[in-house]
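Student: Start from the sequences and build out the full structure, keeping to the hints where you can.
Each chain, letter by letter, is given below.
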Amino acid sequence: MTQPTTISIDLSSSVPAYRQIVDAMRVQLVEQRLKPGQMLPTVRRLAMELGVHFNTVAQAYRELAEEGWLDLKHGRGAMVIRRETPSKEIGPEGPNPFGDRLRELVAQMRADGVDALRIASELKSFAQELEK
Amino acid sequence: MTSIRMFVLAYMVFVILSEQSLPYLHGKRLFGVLVPGPIRYGAEGAAVIRHYELRLLPWSIACLIAMIFVPIAWIYLGAGAAMIVYVIATLRGFAVANASARKFAVAGTSIRTASLTDSGDNSPSIGRRFLPPLAVPCAAALDVYLHWQQIPERYAIHWAHDGTANGWAIKTFNGLYGPPLFGALIIVFLAGISLSILHGSRRSSPASLAVSLCTLLAYMVAFCSSLTSFIALHPPLPYAVFSPLFASLIVVSLLMLVRIFYRMFKTPNEPGDGDYTAPEYWRGGMVYYNPDDPAIYVQTPVGGFYTLNFGNRASWLLLARIVFYITGMAILAHALWR
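Here the protein sequences come in this chain order: D and H.
Numbering of the first sequence is given in the working numbering, commencing with residue 634 and proceeding in unit increments.
Numbering of the second sequence is given in the working numbering, commencing with residue 8 and proceeding in unit increments.
Just to be clear, a hint being listed does not mean it is correct.
Claimed, not checked - In silico lysine to aspartate or glutamate, EDC-like type, Cα no more than 16 Å apart, as pairs:
1) D/706 <-> H/125
2) H/110 <-> H/287
3) D/668 <-> D/704
4) D/668 <-> H/125
What the hints assert, rightly or not - Examples of chain D residues toward chain H, derived with CB under 10 Å:
5) 637
6) 644
7) 671
8) 672
9) 677
10) 679
11) 683
12) 686
13) 687
14) 692
15) 695
16) 711
17) 754
18) 758
19) 761
20) 762
Simulated from the structure, these hints should not be mistaken for lab results.
Beta carbons: idealized from backbone N, C-alpha and C, even for Gly.
Tutor: Right, dumping it as structure tokens:
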């Protein structure tokens, strides 16, 4: 029996709860732990489990629907749909928004007190996963 | 000293000892607050407990003295009043001790996890659970309606062990239709409570178990409320058939209650255990008030019981409905059987 996919949020974090929900679900969607055709819990149910307001979850679902991950069916909940990955080629020159975002994230983690060696180790294992 | 006074005094002593032993019952928690072990069992924890005990001591002595010297004619009234006063003093003492214990609270986890599955949204249909027991009193009422002429003016309602009737009732409209009507209303009430439990609890709660208990209660109510009509139409009531059925229903209900209490008393002792809610939302350590939490039923930090989220409008609506329903039933009962 497969384990159900779960997401976790930190209610005391300075990151808004809806942003945490979007980020956590996007990870599950990109890594295909949530598959096209799968029904997600209703806004009401997910809000209940996470202990957040309905609007917080509704906002997260809307954002993921706008990105093309979810189909929001009125009264029937949210369904994961197949999403065409937009092609974004990054050239050897010019601006590198992904690199900038990665640096910002690393800086944030270091500011939060995470050890630099641990970040490096996480990045290495993550890179290895991507290359597979 | 009379036996009644002895009994009341013994009961009061039992209540006092129970309340005084409260702080020692909750593992790592001190008055509902999760504190580090060295503090819980160290000088700081002992000081908070001592303060609680000293706060209750004058009330304990006053209640015991009142029970010894209250005139025997007022003993029950006195015992009731003493009990109410003592419970209020305990609640106040608990709230003060909870506020003191919060100074030592360990940072609780604020991480919440949810499963991304839609199972549980399609909760077991309340109709499927409660329509069959609801059909029983309806069928009993229909049976009475169809066979009204066959019901004797006076029918047996109680039998001795040898099977001879020793209790009688007069054939009246209220007497025959009242019990099934009341049974049906109670079953609808239980269905409403079950609906609120299913839709207002987190998945980690023993909601399905509580709903099963409500279903079982509904069947018991269906059975009892239809009995009058059955007795009137099918005398004599065979003990051999009904007694084992009734006894087994009671035994199953008790077993389910024990299971629910067992799950409730699995008190969360670590941050993240159970349905953890941040201490700042607990007023006086006992009343949960969080307008952003959509749950109606939340687990208490002490004892693992369930309470209402008073910050949720749905909880107030639920309470209002319960009061309205019970008042309506009391008025109906008065109108039927005054």
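Student: Under 10 Å, Cβ to Cβ, is where residue 683 of chain D needs to be relative to chain H, so tell me if that hint holds or is violated.
Tutor: At 5 Å from the nearest chain H Cβ, residue 683 of chain D passes the 10 Å test, so the hint holds.
Student: Under the criterion that the straight-line Cα-Cα distance not exceed 16 Å, is the pair residue 668 of chain D, residue 125 of chain H satisfied?
Tutor: Between residue 668 of chain D and residue 125 of chain H the Cα gap is close to 13 Å, so the pair holds against 16 Å.
Student: Tell me if the interface restraint on residue 679 of chain D is satisfied: Cβ within less than 10 Å of some Cβ in chain H.
Tutor: holds (6 Å)
Student: Would you check whether residue 711 of chain D satisfies its interface hint, that is, whether its CB is within less than 10 Å of any CB in chain H?
Tutor: holds (9 Å)
Student: Is the shortest C-beta separation between residue 761 of chain D and chain H less than 10 Å?
Tutor: violated (26 Å)
Student: Minimum Cβ distance from residue 754 of chain D to chain H below 10 Å?
Tutor: With Cβ-Cβ at 22 Å, over 10 Å, it is violated.
Student: Taking the least C-beta to C-beta distance, is residue 758 of chain D closer than 10 Å to chain H?
Tutor: violated (22 Å)
Student: Is the shortest C-beta separation between residue 677 of chain D and chain H less than 10 Å?
Tutor: Residue 677 of chain D check passes; min Cβ-Cβ to chain H is 7 Å, inside 10 Å.
Student: Double-check residue 695 of chain D for me: the hint is only fine if its C-beta lies closer than 10 Å to a C-beta in chain H.
Tutor: violated (17 Å)
Student: Verify the interface restraint on residue 637 of chain D: the C-beta must sit less than 10 Å from at least one C-beta of chain H.
Tutor: holds (4 Å)
Student: Would the hint on residue 687 of chain D stand, with a C-beta cut-off of 10 Å toward chain H?
Tutor: Hint on residue 687 of chain D: holds, closest Cβ of chain H at ~6 Å, below 10 Å.
Student: Quick one, are residue 668 of chain D and residue 704 of chain D close enough, alpha carbons at most 16 Å?
Tutor: Holds, at about 13 Å.
When held up to the earlier numbered hints, the structure conflicts with 14, 15, 17, 18, 19, 20 and fits the remainder.
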